[in-house]
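From first to last, the protein sequence lines stand for chains A and B. For reference, each letter of the first sequence is one residue, going 1 to 547 in the working numbering. For reference, each letter of the second sequence is one residue, going 1 to 547 in the working numbering.
Hints may be right or wrong, so weigh each one.
[Stated by the list, open to error] Straight-line Cα separation of at most 16 Å, EDC-like style, residue types lysine to aspartate or glutamate; simulated pairs: (1) 151/A / 125/A; (2) 58/A / 71/A; (3) 531/B / 532/A; (4) 531/A / 532/B; (5) 58/B / 71/B; (6) 151/A / 127/A.
[As the list claims (entries may be wrong)] Computed beta-carbon distance windows for the label pairs: (7) 242/B / 480/A: 36 to 46 Å; (8) 241/B / 444/A: 36 to 46 Å; (9) 495/B / 46/A: 47 to 57 Å; (10) 351/B / 282/A: 28 to 38 Å; (11) 194/A / 475/B: 51 to 61 Å.
[Said to hold, decoys possible] Incomplete in silico selection of chain A near chain B, CB under 10 Å: (12) 140; (13) 171; (14) 265; (15) 525; (16) 526.
What the hints contain is simulated information worked out from the structure, not anything from laboratory work. Using N, Cα and C, we set each Cβ at its ideal position, and we do this for glycine too.
Protein chains: 2
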Amino acid sequence: MDRRQLRWQGWGRIDHRRDLSNAEQDYLAEVLGFEAGLPQTPVPELSQLELPSSRIGKRRLGALADIVGDEAVRTDRFERVFHARGQSYHDLLHYRSGRLESAPDAVIYPDSADAVSGLLGWAAEHDMAVVPFGGGTSVVGGVTASAGAGKAGVITLDLSRLDQTRGIDVGNGRASFAAGIYGPALENALAGQGATLGHFPQSFEFSTLGGWIAARGAGQESNGYGTARHWFVGARVATPSASWTTEHEPASAAGPRLADLLVGSEGTLGVITSATVRIRPRPETRSLRAYLFPDFESGLACARRLAQTDRRLAMLRLSDADETRFQSRFAALHRSPSIAQRAFKWYLGRRGFGAEACLMLVASHGGVRTVDRAVRNVRWVAGQHGGQALGAGPGKTWYETRFEAPYLRDPLLDRGVGVDTLETAATWENLPELYAAVRDAIRGAVGTRGILMTHVSHTYRDGASLYFTYVFPRDPTDPIDQWWSIKRAASDAIMANRGTISHHHGVGEDHLEWMNREKDPSSLRILRSVKDTLDPTGLLNPGKLIP
Amino acid sequence: MDRRQLRWQGWGRIDHRRDLSNAEQDYLAEVLGFEAGLPQTPVPELSQLELPSSRIGKRRLGALADIVGDEAVRTDRFERVFHARGQSYHDLLHYRSGRLESAPDAVIYPDSADAVSGLLGWAAEHDMAVVPFGGGTSVVGGVTASAGAGKAGVITLDLSRLDQTRGIDVGNGRASFAAGIYGPALENALAGQGATLGHFPQSFEFSTLGGWIAARGAGQESNGYGTARHWFVGARVATPSASWTTEHEPASAAGPRLADLLVGSEGTLGVITSATVRIRPRPETRSLRAYLFPDFESGLACARRLAQTDRRLAMLRLSDADETRFQSRFAALHRSPSIAQRAFKWYLGRRGFGAEACLMLVASHGGVRTVDRAVRNVRWVAGQHGGQALGAGPGKTWYETRFEAPYLRDPLLDRGVGVDTLETAATWENLPELYAAVRDAIRGAVGTRGILMTHVSHTYRDGASLYFTYVFPRDPTDPIDQWWSIKRAASDAIMANRGTISHHHGVGEDHLEWMNREKDPSSLRILRSVKDTLDPTGLLNPGKLIP
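Put together the whole structure using the sequences plus the hints.
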């Protein structure tokens, strides 16, 4: 992945743009209360960005190059800026502020696990912090290039050259890859053998296998394919104290499975250099159907029922009324509904689906007959909860654009708008209360001129996730402070209502305070002891995850 | 569970006996080469057993009683002997030797988590070791009452009074229990709400929820219901350093899930006092069908195919040819085959099922239609691999007697026979090699006069378990040395062939040497650091699991 083809200041490929149409601008200006239309708030040029000078001199760079190779060492402005932060709204605000408080003193692109180990040794010797960087799509401050307290500097370790397919073993249901492989390359390699991992997070195109494991990721179809916790078999890890090959057995009772500690370790315990995962045959067929429910409550009841009784589902996604309404209106801005669509809307209105109606998408993958039966079962269960089948149309649109939403953020940010997301999970019982409390908190912090949308995207037998998206007029004076006040309010509400601070985004810098509140002090002490064992001088990814 | 109703020197309830019939004795004498018939090797009387005196005096016992209550403190001979060791063949040899090298200095029956914490405080103050004891059915030396190096004595903590049902929440798919609850009590409580945990290890009747988690247990139907790793949500744990409430979220990316460290912790990190588990609705129907394969290879190929493609199976159990043949012959000793059975056997012979034929049992649980489809699919896949459906008969017999096998061990031990089991797991690819190597190793150590049987009992997409049972003439002079020589040969063969030292029995004292070889030194250092954090003076279950 050539970094120069990617935006340093926003999402994705430079050659892929998403502009706001006039209709979209007018609609947002109206909804968000910009009376004079959306303002122009362009991003600074790379050359204008203030950033601290590199603290690593030529002599030490030379020594580094001796270890990792000349071509692996980068200190130019683009590389330092590109790797300074991740891809959260919070990160983009820092880029847009025109000034980066921190940036890597050098960016290293190792081409082998040995080079990674060598670099860690060099960093320990020179008292440098090291930030492992896969795709850099963290939205929780997971790759911020902070030296941490008392370190002489910070190196970002870009793992994208570790992208080899090591082996695909369909007969054993396993495959091994170097950990810096990107989503599309991994799935293409598997597709060549008729297999899939089935891990499709929204960041799929720009995130890596190692990152998925380190961030405890969950793909959109994790109901069917599992989260990183489920498909991760084992890894080779470079740590400051030693190299570590974790357990790789299909199952074992030889003590606790310490490999599991890597899932969610966020580059603080070691650098995952290669990993083995469980793969599956590519499904014979995929179905993605939409259903409309009279309200969120009935949709949730149906989701719970399906999650507890139907193991054939690959995905279940339920939007609340606000999200259903907003997405329908926003879509209509650039594509007028057909007569048939308008007639169907009228029919739905007559059947009692009004402003509170909620859209559910349900996917099933597998053999033709299995999927067919799953579809029929879902339609039947949905019907029992007042749901109306809408067919394959809405799902098709969602599927085709499922990696596109992040591209919308940059033009919004260019026009004075703020947009962020956060997510949590709880038991089914606790979900409605948590939903109401987090919405109240975000609304209270954003103010009346905002759009707040929520969906359930991952369901389990004992609970589900909640994903909140909020769009609001950005405070032109101190947008970072504004962001923190919303984040703080929402996170406090999550804690007060027995949610988790993250279902799949992770902890990073941004959630650290709340993870400290969420986990029992004994859990935190254990985490700290594992950190001290593997990384005794604390050089790996300082400021993230570890209390 | 009144301990006095149980055997201290063997398996299960005193009022439940399994004697060897004359036919069985004659058959075993012939197969095992006892020319004068099976010898008499009775177990000593409780009163004859030599055991060390308790090192805890009256004053300290009084202080203990102040913390946990008078009725919770036991130092009588029965209690000390009953809790001296677990239920392995190795343990029974120690009991049968007439002399116990160690026994608990006192047995404590706490009735609350607070009493457990109080006891741990007392133990730390008096430099005593503490052995957590659920049902005591460990077969790897997991509950041996060892004081360890430098401790002044050892207390066994019998958790069977912590047996309360705390809450069954069918709507959330969860239930919470005090951790000392036995299998039947737990399932009865759940059955009252139409639910099940579905965890049925062979020890089910005499093992506890906390033990299942601590030993990383897998029930017989773990294909359908998962192992402890899958159904365990969270726990409250008393540790010598603090009480610990683990994560309880349905899913979270708030860092590594430290609760997972408890799964396989074997009482070395803390005492699980209560636990929350994922439960399911009781299945509408259960099917258990048998199939015969021409040989182990074709059975394995079918097992692999089913494990990788059919998620509806609750259990898949494949016996090798030796096990299939032995069980058929042993069963025929007390139940002559009917004419129909003999005719069917003749038919099977004509169809090419000879001495190499292997029996497979496949269970499916769920809705009537789902189970019906699963059965049809299994029959079809089995047919593709040369398998012949045998109907429901063999499965019915297996199911009805599935908790009975351990009762057979005691009469065998009374008649000069040795019997032990061990188990491992590996990837599908590696399984045939591992199977052959472990069989060779056991055969080599047991000698020609032995019976060796193997089955696959737990299957995964990427591999399966192997379970070996071996019956042999016990060395009358040094049976413990004989046992070690077999154990060592088999365990070395497992290590040399990339198996795990245990699929579901655990580590305890007996497997410690091999776990140290199996796990990477970094994994061992992590385990050690977690131990030091939670139990800094090493008072919990010394000698087990921790390197």
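Evaluation of the provided hints:
1. 151/A / 125/A: Given that 16 Å is the threshold and the Cα spacing comes to 11 Å, the pair holds.
2. 58/A / 71/A: 15 Å, holds
3. 531/B / 532/A: Distance of about 14 Å is within 16 Å: holds.
4. 531/A / 532/B: 14 Å, holds
5. 58/B / 71/B: This hinted pair holds, its Cα atoms lying about 15 Å apart.
6. 151/A / 127/A: 6 Å, holds
7. 242/B / 480/A: 36 to 46 Å: 37 Å, holds
8. 241/B / 444/A: 36 to 46 Å: 40 Å, holds
9. 495/B / 46/A: 47 to 57 Å: Given a distance of about 56 Å, which is inside 47 to 57 Å, the answer is holds.
10. 351/B / 282/A: 28 to 38 Å: At 36 Å between Cβs, range holds.
11. 194/A / 475/B: 51 to 61 Å: Hint holds: Cβ distance 54 Å, inside 51 to 61 Å.
12. 140: With a minimum Cβ separation of about 9 Å from chain B (threshold 10 Å), the hint on residue 140/A holds.
13. 171: 7 Å, holds
14. 265: With a closest approach of 6 Å, the residue 265/A hint holds.
15. 525: 5 Å, holds
16. 526: With Cβ-Cβ at 5 Å, under 10 Å, it holds.
Checked against the numbered hints given earlier, the structure satisfies every one of them.
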